[in-house]
Amino acid sequence: MPIIVNLDVMMAKRKMSSQELAEKVGITTANLSILKTGKAKAVRFSTLERICEELDCQPGDILEYKRE
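Following my numbering, the numbering of the sequence shown begins with 1 at its first residue and continues without gaps.
Take every hint as true, because none was put in to throw you off.
Under the rule of at most 25 Å between Cα atoms (straight-line distance), these lysine-lysine pairs were calculated in the BS3-like manner: (1) Lys-36 - Lys-13; (2) Lys-13 - Lys-66; (3) Lys-24 - Lys-13; (4) Lys-66 - Lys-36; (5) Lys-39 - Lys-15; (6) Lys-41 - Lys-24; (7) Lys-66 - Lys-41; (8) Lys-36 - Lys-15; (9) Lys-24 - Lys-36; (10) Lys-39 - Lys-13; (11) Lys-39 - Lys-24; (12) Lys-39 - Lys-66.
In case anyone wonders, no lab produced these hints; they're calculated from the structure. Predicted, not measured: the structure shown is a model, and the values here were computed from it.
Whole structure, please, built from the sequences with the hints as guidance.
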């Protein structure tokens, strides 16, 4: 898949656990895990916005496109 999710990298840089981020964003840890592994088919902009707010980053820090 050409979309790469770097959520785990940003979480590590901010020293934030999955459980902590999920609670702050208002999603389940299971859904956060699906996002982190790149298995999500879609992500709501509102969720992406809250993740960026909590991690103090831009959407481009989390999502990356690479040609196959």
